[in-house]
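J.: Letter by letter, the chains look like this.
Protein chains: 2
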Amino acid sequence: MGLVDVQRLKEIVGAENVKDDKADLYVYGSDSSVHQAMPWVVVRPHTTEEVQNVMRYANPRMLPVIARGAGSGMSGQAVPIKGGIVMDFKKMNKILEINLEDTFVRVEPGVVDDDLNRALKPHNVFYPPAPASSRIATIGGEIANNASGVRSVKYGAVRDSILGMKVVMANGDLIHLGAKTRVEATGYQIDRLMVGSEGTLGIIVEATLKFVPIPKFRCLGIAKFNELEDAGNAISEIMSSGIILSMLELMDNIAIKAVNQALDLGLPDVEAILMFEADGMAKEGVDIEVKRMMEICKKHKGFGLELSYDAKERTRIFSGRKKLFPSLSRYKEGYVCTSLADDMAVPYSKMAEMAKKIHEIAKRNNVIMTAYGHCGSGCMHTKILMDPTKKSQWEDAKRAVFEIYSFVRSVGGTTSAEHGIGISKAPAFKREKHESLELMRALKKALDPNNILNPGKLMDAPDDWVTATKLRYTVKLEGK
Amino acid sequence: MGLVDVQRLKEIVGAENVKDDKADLYVYGSDSSVHQAMPWVVVRPHTTEEVQNVMRYANPRMLPVIARGAGSGMSGQAVPIKGGIVMDFKKMNKILEINLEDTFVRVEPGVVDDDLNRALKPHNVFYPPAPASSRIATIGGEIANNASGVRSVKYGAVRDSILGMKVVMANGDLIHLGAKTRVEATGYQIDRLMVGSEGTLGIIVEATLKFVPIPKFRCLGIAKFNELEDAGNAISEIMSSGIILSMLELMDNIAIKAVNQALDLGLPDVEAILMFEADGMAKEGVDIEVKRMMEICKKHKGFGLELSYDAKERTRIFSGRKKLFPSLSRYKEGYVCTSLADDMAVPYSKMAEMAKKIHEIAKRNNVIMTAYGHCGSGCMHTKILMDPTKKSQWEDAKRAVFEIYSFVRSVGGTTSAEHGIGISKAPAFKREKHESLELMRALKKALDPNNILNPGKLMDAPDDWVTATKLRYTVKLEGK
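These protein sequence lines are chains A and B, in that order.
Be aware that the first sequence starts at 629, since it is given in our numbering, and climbs by one per residue.
Be aware that the second sequence starts at 629, since it is given in our numbering, and climbs by one per residue.
One or more hints might be untrue.
Given that identical chains are not distinguished, each listed pair holds provided it fits within a single copy or across any two copies.
[As the list claims (entries may be wrong)] Quick list of in silico lysine-lysine cross-link-like pairs, PhoX-like style, CA-CA up to 25 Å: (1) K844 x K911; (2) K722 x K749; (3) K1018 x K1104; (4) K911 x K782; (5) K749 x K782; (6) K844 x K782; (7) K838 x K782; (8) K1073 x K1058; (9) K844 x K919; (10) K950 x K984; (11) K719 x K647; (12) K782 x K950; (13) K647 x K718; (14) K1019 x K1104.
If you're looking for bench data, these hints aren't it; they were derived computationally from the structure.
Just chain A, with the same shape it has in the complex (with noise of 0.2 Å):
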């Protein structure tokens, strides 16, 4: 702490942008993710100015700079892991330019996601990523992340509704990447490898976006199972059928039961519950595709099918499933809901595998796993439920974890879909990417010669995730 000089820091971005006392500490030093580890000094820059200069100061003298958005990251992206500047973008909110003729919008990096769309809705169009987060997080942060969410399907991830970025470099400098056009093949795709790299390469301080028109028919239905093998087995059906769809949810009966336990939403209590949506200008295309879902879902023995284009009974059915993040961490009395093992990808066809899976490794392993996700993107999510007041049930969720990606691997899977590396999805990642580690380090050192930003994360995080950082839990120790 004594190696940050905070008098400088406030010359820079101003003596009420900077703070240094313990409380605040305490805040910045956790994210959504399960780490705790207290930053130096916390900055809130308002022009890309300042960012420039708080790196101009920081890298001569090998200051860890971790770049915040809103602090949603499940796996530990925005701890400060080695301490340092952790450096809070919300005060560079503001939306810069919807250009509605170029069809682009250029916005600073601390822009909420629903904050844009909500500006964006006016002119019919929308920017699409859309995580279950998008209340809160930030587009600095998603970029950063790789982000997607319910509708990515159809619309991608962040990475597919990026044209261009500046950034900040570890040395101040100020780079412009991409273009503002559609396509581009002028070199180095310098923008596409900032995404995803977790504060680790650059300060993303401006962002050039895509939108798309909100289409004007959207169709939402909903099935039944008795079998989560039969909601699986329709999910593969339906993503190998050339449907073009724009959502396909499961949840399983832990979620439907954590939904109902929490909200009283009254769900009926089956072993899975599949919602699809298509989406479009003409109602007739849209029929088509929703229709074809709704009979592979009949095939495959569901039940209770409803089909909705009205946006409030579409807003009832979903409610349940948008609600069921909140609604997990009431499941049990004095359990937490953890995001150790939460976002992997599998190949469509080993969607109904995958599920079965997570609930035959948490038995084994003494936690809760529940399996829902946003399967039209491969993307299965699940959740540790477990005392972490308890000692044994962190080696259990670790066991959990490790056996989860082994199972992700075999099946030709990926450790993370849209939540990141940070530090708890390392150990897996790199099992998984072991070959381009160094490749990885390279670029890093490249781009960050004295490893300054965001230190310790991703190719460089910590073998074990448990001992990794303090934990956010007090855990007790006991006899077991």
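For this one, chain A is given, so just place chain B on it according to the hints.
T.: Same frame as chain A, but now just chain B:
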């Protein structure tokens, strides 16, 4: 030439797959650009292991290695400006897997685009980037150049179709990049960095690609205009109206004349033709979009409007555009069609201005230039038609190129939409991306420390394309 141990290369890839006689070297010394430079030797690997062994031989000896697909690149990407080993991928042309369940295809780099699409067609899916050269262009070359084509407005460029790849690095290491799933947030997207790197960062030996359903209905429309500006304004309005289109092509009067002259197609001798297309699974949805485009064309004084859903009729309407490139070569006796400033992208609102500017610059510089292109993705094509035997014409072309790119930059456009940089476009590229050239060099050095992968291209290409290499044409000195 004496630097290469041809015998050693014969041991690696087989004697029949090594060429070092002068006639062969001459052929491999040019691509579809104006450049010419002799390689030292040509190898045709059949397997990834052979590629690795060639690299293991070349890397410690600092021998340049230039990967080559079809040689259809227009900017000199495959021209061995520093000599070295040209690695021809013609023999690595197997489609390794068509996975309909998990909706991806795995291919070797030498697979020709049209061959892949012929193999996918029976399954009702297609690989969409579709550059005009798809009849000969290979997937490896398309990835290395981030190619795109007529339908990129809806289906994106090659970068949007990539899921993963296998790459042989400069030192011979084989690295798996990306995943088999639609979304992935598992560390640095090095596969995206390989896209558009023109063989300078690694050698693609396998690609995993997405495919998409073939739409049931495609409707192509055509409109004629007496003023180029009216067509340009129609383009701008179509693109800002939220219309979901699959194609929007412009041909100016020179393009029309060239096609008529070469092929006697009887296109109307108007100032501009627009061709527009929408596609989808329901006719109603397609109708909505094409009718909106037709109305906008009418509003901007478009006439002679035709619409057709019929495949044959569409082919007839489109044949002029399809055959434009070869037709341009025959436009004027003694003139050749050069790709010197040929595929800039500009914001939609600047399309009309760009088209006008092309004519103005051509006139001022004593060359013939035409304006056409994939306006839906912001790509404006042009070609410089000139007498290549006259030294003064090269000076004229040089001035025209400089002026074109100065204008492109002034309106926020980018040097290349889809043909890449290579040698010819390096001067404009370097001016546009001056802030990130050092970054690109740092990345190149990190991945290819001995600078053997296609050296002397992109940020390392000479500053003057006219003198960068020998020209393919015999230039006579003349009294001007």
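J.: Take the hints in turn and mark each one as holding or not.
T.: Do the hints match the structure? See the list:
no., hint, verdict
1, K844 x K911, "both (8 Å within a copy, 16 Å between copies)"
2, K722 x K749, "within (17 Å within a copy, 47 Å between copies)"
3, K1018 x K1104, "within (6 Å within a copy, 86 Å between copies)"
4, K911 x K782, "both (17 Å within a copy, 20 Å between copies)"
5, K749 x K782, "both (19 Å within a copy, 21 Å between copies)"
6, K844 x K782, "both (15 Å within a copy, 18 Å between copies)"
7, K838 x K782, "both (15 Å within a copy, 13 Å between copies)"
8, K1073 x K1058, "both (18 Å within a copy, 24 Å between copies)"
9, K844 x K919, "both (18 Å within a copy, 16 Å between copies)"
10, K950 x K984, "within (23 Å within a copy, 51 Å between copies)"
11, K719 x K647, "within (14 Å within a copy, 62 Å between copies)"
12, K782 x K950, "within (19 Å within a copy, 30 Å between copies)"
13, K647 x K718, "within (14 Å within a copy, 61 Å between copies)"
14, K1019 x K1104, "within (6 Å within a copy, 84 Å between copies)"
In terms of the numbered hints stated before, the structure departs from none.
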